[in-house]
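K.L.:
So the sequence lines, in the order shown, correspond to chains A and B.
So the first sequence is numbered by this note's numbering: it starts at 1 and just counts up by one.
So the second sequence is numbered by this note's numbering: it starts at 1 and just counts up by one.
These are calculated hints, taken from the structure and not from any lab test.
Be aware that one or more of the hints could be misleading.
No more than 30 angstroms apart at the CA atoms, straight line, and that leaves these computed lysine-lysine pairs for DSS-like [said to hold, decoys possible]: (1) A/K110 <-> B/K158; (2) B/K6 <-> A/K131; (3) B/K79 <-> A/K16; (4) B/K79 <-> A/K71; (5) A/K71 <-> B/K6; (6) A/K125 <-> B/K79; (7) A/K227 <-> A/K211; (8) A/K261 <-> A/K284; (9) B/K6 <-> A/K109; (10) A/K206 <-> A/K187; (11) B/K245 <-> B/K6; (12) B/K229 <-> A/K125; (13) B/K79 <-> A/K131; (14) A/K125 <-> B/K158.
For the chain B half of the interface with chain A, some residues (derived, Cβ under 10 angstroms), not all of them [what the hints assert, rightly or not]: (15) R45; (16) L47; (17) G48; (18) G91; (19) T93; (20) D138; (21) M141; (22) P162.
Note that the structure is a prediction, hence the values are computed from the model and not measured.
All C-beta atoms, glycine included, are put in the ideal place defined by N, C-alpha and C.
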Amino acid sequence: MIHFNDVTKVYNGNVKAIENMNFTVEDGELVIMLGPSGCGKTTLLRMVNQLESITDGDIMLNGKSVRHSNKIEMRRNIGYVIQSNGLFPNMNIEDNAMIVPNLLGWDRKKMRDRFNMLMELVGLKPDEYRKRYPHELSGGQQQRVGVARALAADPPVMLMDEPFGALDPIIRTHLQEEFLQIQKELKKTILFVSHDIDEAVKMADKIALLKGGKMMQYAEPAKMLNKPANSFVAEFVGQDRVLKSMSLYTVRDLANALTLKPVMESPDSQNINENLSLRVAISKILNQEADQLIVENDNGTRKGSITLDLIEQFLHREIKESV
Amino acid sequence: MDRTNKTIALIIKLIFWALLIAFFVWAFANNMFSKIWEQPDTFLRLLGEHITIVLLSGAAAVLLAVPLGIFVTRPKFRKSEWLIVGIANLGQTIPSLAVLALAMGFLGIGISAAVVALFVYSLLPILQNTIAGLDSVDENMIDAAKGMGLTNAQILWKIELPNALTSIIAGVRTALVINIGTAALAYLIGAGGLGVWIFTGIRLFDNAFLMSGAVPVTLLAIVIDYLFKWLQFGLVPKGLRLARKAQNS
């Protein structure tokens, strides 16, 4: 758990970078800090592992004050991933990934096993990459190693500073999805900095939207999209926020909440798997002649059909519930 | 384009080697190196003195300039950089002969004055290359290292120094090669070295003395240069060497 308690950061005696920040990242939660550049999100992240000092207030990390902890020891228990991966060119991939276990004095066998396991986890073949050097890897591969390195000593908490920001869109989407899978398995407590609203909606359990060192809204993605707290939030999440929020729900969510319409045979209707998002469903409906989609489960069994009316009903219901 | 460049480089190389061979043929035909065969004991003594002056001054300069370069690149002491580099610069700006003369003023005639003078003279290239090397280490890399819980000493030894090593060794190499040439002047303050034969040759208009002194000095500089190339190859981490190669190709 990371608990921000009235955290304030003042530069040069009068410039307030962070003002009375109060929020909590619960265990196993992925919280994304979002905001325009200069809003203080990176500063706030770097205050957790004390790369930036805290002027006033305190951050509690699993109940312990970061201001009064041993910095070196504390940092070894926090996974840290940065945008420009920061791999060391003088070390091979194995030494890079195992740098923290090495500092902690793990034995060879344990380190090797851990390396093999982590590389499999991030989707790289351990034996192929072990003896290679960072410059021989592509940007995406380097960032995978960066994630493996942060996970090396199995820290309960991770700090990620725009980890996928420097990658091209296709690789970025890929890594985001893979990382979500990893997070589902490992359940780390993660504080993540991003400037990309889509990344935040897709990945976060909660979003912290900052502006000028102040918290604008701290809420689940659906709530932030459907019920922005003020005009800044509404503007930041975008005019298409309702559409964005549709990517948070699957067709199955709708089927569980409402009764699907009966299937009407029509040659124009396409099928849709119930695991796909409502955003995909809307797009498919608009892109065909018929105004219904036939919902199927993984076995191909038809469960009913879905229309724009139904989606609208669901939307109103969800917005009401999240208030 | 690339091919013509290569051809030109090859032609220049061939001309250079031809001239070199012609020179040695001429030198041997005219018995230019006779002093080396006639007085092998003196030759070895002078060569020994020459190498001693260069190595002692060089080693002392490395031992002072590298730690000094590390010191001024620490964030806390960064403000002292101008002062320390300024002082080292002073040693470099004064002509080598004047540095030797000054050293003689303090330490009298002999090898110790020459060692001190060349030591002062080599500080700057080593110091500057150490600072440049440490400064060129990517900030993000250091940030990542700090964030993962490396101590400042671990960051220095595991990250900064290995990544700055190419530049530091290059500085030492430059300093030593310059020193080999400058050490020929040590004769003027009575410190011996191969300068003894060179200056004798100049005074007596005796090419045999001149060549027997000058050519070994040149060869010594070339040998040291190559030695350091090998040292660089051996000491710089493999990953950095490969990265540099990949970047250049």
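K.L.:
Each hint needs a verdict: does it hold in this structure or not?
P.N.:
Taking the hints in turn, this is what the structure says about them:
no.	hint	verdict
1	A/K110 <-> B/K158	22 angstroms, holds
2	B/K6 <-> A/K131	35 angstroms, violated
3	B/K79 <-> A/K16	27 angstroms, holds
4	B/K79 <-> A/K71	26 angstroms, holds
5	A/K71 <-> B/K6	56 angstroms, violated
6	A/K125 <-> B/K79	47 angstroms, violated
7	A/K227 <-> A/K211	18 angstroms, holds
8	A/K261 <-> A/K284	17 angstroms, holds
9	B/K6 <-> A/K109	51 angstroms, violated
10	A/K206 <-> A/K187	14 angstroms, holds
11	B/K245 <-> B/K6	19 angstroms, holds
12	B/K229 <-> A/K125	36 angstroms, violated
13	B/K79 <-> A/K131	40 angstroms, violated
14	A/K125 <-> B/K158	26 angstroms, holds
15	R45	43 angstroms, violated
16	L47	38 angstroms, violated
17	G48	38 angstroms, violated
18	G91	32 angstroms, violated
19	T93	35 angstroms, violated
20	D138	8 angstroms, holds
21	M141	5 angstroms, holds
22	P162	4 angstroms, holds
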